[in-house]
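Visitor: Listed below, chain by chain, are the residues.
Number of protein chains: 2
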Amino acid sequence: MKLQLALDTLTLEECMTLLQETRGSVDIAEVGTPFIIEEGMRPVREFKQHFPEIEILADAKIMDAGELEAETAFKAGADIVTVLGASNDETILGAVKAAKKYNGKIMIDMIAVKDLEARAKEIDAMGVDYICVHTAFDVQQTGKNPLDELMIVNRVITHAKSAVAGGVKLATIDAIASEGAAVVVVGGAICNAKDRAAAAKEMKQHLK
Amino acid sequence: MKLQLALDTLTLEECMTLLQETRGSVDIAEVGTPFIIEEGMRPVREFKQHFPEIEILADAKIMDAGELEAETAFKAGADIVTVLGASNDETILGAVKAAKKYNGKIMIDMIAVKDLEARAKEIDAMGVDYICVHTAFDVQQTGKNPLDELMIVNRVITHAKSAVAGGVKLATIDAIASEGAAVVVVGGAICNAKDRAAAAKEMKQHLK
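Quick mapping for you: the protein sequence lines, in order, are chains A and B.
Quick note: the first sequence uses the numbering used here, first residue 2, plus one each step.
Quick note: the second sequence uses the numbering used here, first residue 2, plus one each step.
None of these hints come from the bench; they were simulated from the model.
One thing to keep in mind: the hints can contain errors.
Because identical chains share one entry, a pair is satisfied inside a single copy or across any pair of copies.
[To be verified] Here are the simulated SDA-like pairs of lysine to any residue, each with C-alpha atoms no more than 25 Å apart in a straight line:
no., residue 1, residue 2
1, Lys115, Val157
2, Lys195, Leu20
3, Lys115, Lys195
4, Lys170, Ala126
5, Lys76, Asn193
6, Lys106, Ile177
7, Lys98, Gln206
8, Lys115, Val140
9, Lys115, Ile153
10, Lys115, Asp149
11, Lys195, Thr159
12, Lys115, Gly128
13, Lys115, Ala194
These numbers were taken from a predicted model, which means no experiment stands behind them.
Modelling step: build the complete structure from the supplied sequences, incorporating the hints.
Guide: What follows is the structure, encoded as structure tokens:
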């Protein structure tokens, strides 16, 4: 299981320090959506240059112009690009086309998808690499967590691998690890920890 | 009716020239999603500085972290920020909160929303400024156009104003204008015209 570190609200400089501190624990560095809105593809280029051993994910949450927007991220050096499960099929297929061209991967973010089981089945047949269940930041306060959704996706996928995001922390990581996912996304539980290197290392150990 | 010019695939320099050429015809300059993915908020800052008389829309297509992401765009100088209709209610409400703080506006992009009528009614009650029907770029090739969807939204809204996007061109603008919308978004029909100033002027005249 890979550990993906979501970088959302730190500055580029702070992220570089954090990725240095957590080297060896983090498999995938996520340039988060708020970070892209502020900085565009600059962090993708910088991370790729300075941390060539880590995969870089651009959390672009693509909703339209799938081929064009995914291509922009792959060209900048992203290894993985996210597309929304709520988008039209054509958008997902366009992004998959771009991924093939650049030897990259597509992760589908299932945030706010209404019929998760049916949509996961459809998307599983489209040639994507990951289907990620994702409890929105904006609804995490309700106590919702992505474990139940992960179980649904794990049950129906036959081609794609599963991923999981949304408030994952030390208290919930073992349940997720035993359910199983190819990628586990952690943000605040590492970024806001007192000792971020230790937090990342511990998280990664729970994913063995 | 306001004319919104969508700037998606041009460089920042080309956009500055285009906005200069179309001065007086364009009411809202849209920093398109592909542009944000590449450049972040830089175009918003530049447009705001050089074209203070035009409203600036950041087509961030927010799907989560509504308050935080909308705040990022408003802080950069955006007058209007887009949020996806497919997002959770909490995300839309968070963005509305940010808009109130910064005296900005929220436009909801209804792209790929399944039950348009029901969702438009729900969102109309959330305090947003615009509800925009939007035929995805990725499905425009099917001949689909947003007029039918505009009629649905116009019928159900009582608080928000309507907007319309997705392949609007000279051949379709009159039907849209007679149906009525507060904002009509045009991209390719101006950006790819031989004489872009004339195309923008003509579009604007059809919206009187």
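Visitor: Each hint: holds or not?
Guide: Against the structure, the hints:
1. Lys115 <-> Val157: both (16 Å within a copy, 22 Å between copies)
2. Lys195 <-> Leu20: within (15 Å within a copy, 48 Å between copies)
3. Lys115 <-> Lys195: neither (37 Å within a copy, 44 Å between copies)
4. Lys170 <-> Ala126: neither (31 Å within a copy, 35 Å between copies)
5. Lys76 <-> Asn193: For lysine 76 and asparagine 193, the Cα distance is within 25 Å only across copies (24 Å; inside one copy 31 Å).
6. Lys106 <-> Ile177: Answer is within; shortest intra-copy Cα gap is 23 Å, inter-copy 39 Å.
7. Lys98 <-> Gln206: neither (35 Å within a copy, 40 Å between copies)
8. Lys115 <-> Val140: both (14 Å within a copy, 21 Å between copies)
9. Lys115 <-> Ile153: both (13 Å within a copy, 22 Å between copies)
10. Lys115 <-> Asp149: both (14 Å within a copy, 24 Å between copies)
11. Lys195 <-> Thr159: neither (40 Å within a copy, 49 Å between copies)
12. Lys115 <-> Gly128: Both, since 21 Å and 23 Å are each at most 25 Å.
13. Lys115 <-> Ala194: neither (33 Å within a copy, 40 Å between copies)
Of the hints listed earlier, those the structure fails to meet are numbers 3, 4, 7, 11 and 13, in rising order.
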